[in-house]
Amino acid sequence: MPDSPRTPLLSMANISKSFPGTKALQSVSLEVMAGEVHCLLGENGAGKSTLMKILAGSYTPDSGEIYFDGSQITLNHPSASLAVGIAVIYQELDLFPDLTVAQNIFLGHAHARFGLLKRGERRRDAKAYLDRVGARFSVDAVVGELPIADQQLTAIARALSMEAKLIVMDEPTATLGEEDVEKVFSVVRSLISEGRSVVYISHRLGEVQEIGDSITVLRDGINAAEYPVSTTSPDRWIRDMIGDKQHELTSPGDQGEVDGEIILDLKRAHIPGLIDVSDIQLRRGEIVGLAGLGGAGRTTLLAALYGSRRAELDATLAGRPHRPRNVKAAVKAGIGLVPESRKTEGLFLGLSIFRNAGISSIFRAPWLAPRARGRRLVEPVLDTLGVKFSSGNQPVGELSGGNQQKVVLAKWLARGITVLLLDEPTRGLDIGAKADLYRQVRHVASQGSAVLVASSELTELMANAHRVVVLHEGKNVAEFNPLIDSEKTISHTIISGRVQ
Amino acid sequence: MTNQSPVASQESESTKPPRPARPGSKGRGSSWLLKSNLLIVFVALFATAAVLSPDFLSARNLSNLLQQSALTGIIAIGMTLVILTAGIDLSVGSTAALSGMVVAILLDGQVPIPFAILGALLVGLLVGLAMGALSAQLRLPAFIVTLAGLVSIRGAAYITTDGKPVGQNFPADFIFIGGGYVGFFPVSGLIFIAITLLVGAVLRFTTFGEYIYAVGSNEEAARLSGIPVKAVQATVFGFSGLLAAIAGILLASRLTIAQPTAFQGAELDAIAAVVLGGTSLFGGRGGVSGTFIAVLLLTVLRNLFNLLGIGSFYQMVATGLILVLALILNKVIDSRARALSGL
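Chains S and X supply the protein sequences, listed in that same order.
Taking my numbering, the leading residue of the first sequence gets 1, the next gets one more, and so forth.
Taking my numbering, the leading residue of the second sequence gets 1001, the next gets one more, and so forth.
Just so you know, the hints here were simulated from the structure itself, not pulled from any lab data.
Since the model is a prediction, treat every value here as computed from it, not as a measurement.
Ideal Cβ positions, reconstructed from N, Cα and C, are used throughout, including at glycine.
Watch out, some of these pointers could steer you wrong.
[Claimed, not checked] No farther apart than 30 Å at their CA atoms in a straight line, the calculated lysine-lysine pairs in the BS3-like style are these:
#, chain 1, residue 1, chain 2, residue 2
1, X, LYS1230, S, LYS328
2, X, LYS1331, S, LYS343
3, X, LYS1230, S, LYS165
[To be verified] Derived DEER-like restraints, expressed as beta-carbon distance ranges:
#, chain 1, residue 1, chain 2, residue 2, range
4, S, LYS118, X, ILE1257, 46 to 54 Å
5, S, GLU31, X, ALA1231, 30 to 38 Å
6, S, VAL499, X, ARG1204, 53 to 61 Å
7, X, ARG1204, S, LEU351, 35 to 43 Å
8, X, ALA1148, S, GLU210, 56 to 64 Å
9, S, HIS270, X, LEU1197, 55 to 63 Å
10, X, VAL1151, S, HIS270, 56 to 64 Å
11, S, SER486, X, LEU1329, 55 to 63 Å
12, X, ARG1204, S, PHE137, 17 to 25 Å
13, S, ARG113, X, PHE1184, 34 to 42 Å
[Stated by the list, open to error] Sample of chain X residues with no beta-carbon within 12 Å of chain S, all distances over it, derived:
#, residue
14, VAL1166
15, GLN1264
16, GLY1265
17, LEU1323
Working from the sequences, and respecting the hints, build out all of it.
Structure (structure tokens):
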């Protein structure tokens, strides 16, 4: 970075915001210089999203002041933020699935005269912005039909088209492949070279190191630290993010041998063209990791065991043949799944915490007073899991990601299961929440259940699983012991399908 | 420490996990297929009718078809706009009846034709806007607001004349707009076509049209993009009320009398046509061309039944069944198309 005279472009001072039952932000400040990449770090629920929604004009702060480009501003509507030159790319990608890429990029600020669209000019300029983010799909493609990575690039192109002075990127790379991440980085660099500023939110600390200039760390709704990237280390950032809590993901695993009885004996699971997996045994008390590239068949295998996908299955569960016709049968047999996308498959976001946690148990006989019974059932479970909430009647959508995932877990614990399947359980969770989740998973295992966890984050599996099974192109090609085999060896097998 | 090893991170990044498409996102390609599928059904039905009954293709019958389609069609065009924003308007039948009463009463009071029509249009527009604003501003479900509208506006239509029909001596010029012909073409049919083209152009070529799709596609994203979501929602209901008023005026003109009982159940015919036309009840997808064809299709169907001498009770049963069949067919074709494009 050239050392130009540095003036803050954005200064948010003493921002406070409360929601019923929680103080999301308490006198938080954020200062972003002109021409810098300012990284905002913090666990899920630390207040990053709330702060950014205030900046976007979506939430109104209870108190505090915002200065932008030298003058005090009031942001009481999204259009106010856009008008002063602040563009936000939301993690949830707020795009219009039914409209084309060109429409999405320019929606709200399209080329028009007297309300009549200039479609030709719009297509041309949309193409230019797509080129700038390195995208190669058509501007006429319907956004809902694009892969998620291309949708992300569309969202970035949209933010560019607003020609904003400050661009907020909330987890822009969470869904991208390596090549696309590079595209995002070059976009960020070109924005900076034009003197614009970027607020960058990411859980991938390597990216922060590569692209960031300075950091603000939030923790539990307060400022935890502020420093430049260059003079500090990721270890320090993590300490500030999680405070005095232990982070167990980084410590070597304490998992030893498990000698419980074999509860799930999978001789073969076969779906032509997709998976052909054989000989995997799960013991009581055991956590088995399922590693593999995307498309290696991890999710499919879990779906086959869970009865949500038809497969030739030769397996026994607790001594009985396991060939579930549907999910209901699998659940009845004692299998629970924590799915990959908790918001759409794992939870009913609008329903209360109690109802979500009780949904799998309250429909069992007797069918009387299901709510009261559900509540009695789930309260101790939620308590054990350490779910943080102000009221059990709160919609589960109001919780942070980590707490939501725990509610999914609570759903199965309340029912009582013998085999727990988890699919990418820590996606979108911060380090503290990940550690906490795995602590709970280990607790589940220690109660006598067997756990099968599919994850792309090998480090997590290394730290928590007793064994790691590697899937490659639908076949289980190897099995490793994380205490003996190195992460490098396993990674090699994940990619190549061969043991070194 | 780091949160992941370089190799592991490469592994997780270099692969694009197959994600399900967003809920409610279906292809434009398949909706084109859907539309042309409807066109094929329409053509087939048209041909069947022509073969079965020699009278069908007579100029008189065809122009009757257009006239019979016009009123429901005009209401259905307004309904399309509302449904595109993921709303619903159950009050259109009542609004049309009230507007018909208003224009008839004004004409009976010797108000000049243009002012009488303007008055009736204004009533429709304001009634629609009021319900739209109520629903958008207070976040009340449009279904309930317009259901309340359906009841009380119908009541208002009865109150105007204490339930009696009205309209003795309409001027000939007024009768012309609902019952007249230009060559073979019924005037009301031409008005229907003109409105369809106009609204189609608004949807396609204006920012307002795009906002309608945007609000229906993702309301939250529309809000975050600075689009005046509530104004858009209120406006489409205003449009719907306005078009219902036009239908009401046209019917009064054609029958040379206005009745407070007119347009009972017209909202359901309109909704059926919109959905049959391929517009998604969840908003964001569809358009007026599908609605236009669907309205004609339903009219041809009724016409065919009449020509075949099928009783009206059987017609009702058959129409319902055909609606369901058409939807199933659409769904099958839709999933076929998606399977083709998805793999």
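Quick one, are LYS1331/X and LYS343/S close enough, alpha carbons at most 30 Å?
With a Cα-Cα distance of about 26 Å, the restraint between LYS1331/X and LYS343/S holds, given a limit of 30 Å.
Taking the CB of HIS270/S and the CB of LEU1197/X, does the distance hold inside 55 to 63 Å?
Given range 55 to 63 Å: holds, Cβ gap about 57 Å.
Given the hint of 30 to 38 Å, is the C-beta distance from GLU31/S to ALA1231/X inside that range or not?
36 Å, holds
Just to be sure I understand the hint, the distance between the Cβ atoms of ARG1204/X and PHE137/S should be within 17 to 25 Å; is that true here?
22 Å, holds
If you check the beta carbons of ALA1148/X and GLU210/S, does the distance land in 56 to 64 Å?
Roughly 58 Å apart at Cβ, these two residues keep to the hinted range, so it holds.
Take a look at whether the Cβ-Cβ distance between ARG113/S and PHE1184/X falls inside 34 to 42 Å.
39 Å, holds
Closest CB-CB distance from LEU1323/X to chain S, is it above 12 Å?
24 Å, holds
Classify the label on GLN1264/X as holds or violated, using whether its beta-carbon is more than 12 Å from each beta-carbon of chain S.
34 Å, holds
For the hint 46 to 54 Å, verify it against the beta carbon of LYS118/S and that of ILE1257/X.
48 Å, holds
30 Å limit on alpha-carbon distance, applied to hinted pair LYS1230/X and LYS165/S
28 Å, holds
Is the hinted range of 53 to 61 Å satisfied by the C-beta distance from VAL499/S to ARG1204/X?
Because 59 Å falls inside the window, the suggested range holds.
Given the range 35 to 43 Å, decide if the beta-carbon distance of ARG1204/X to LEU351/S lies inside it.
40 Å, holds
Going down the numbered hints, you'll see the structure goes against just number 1.
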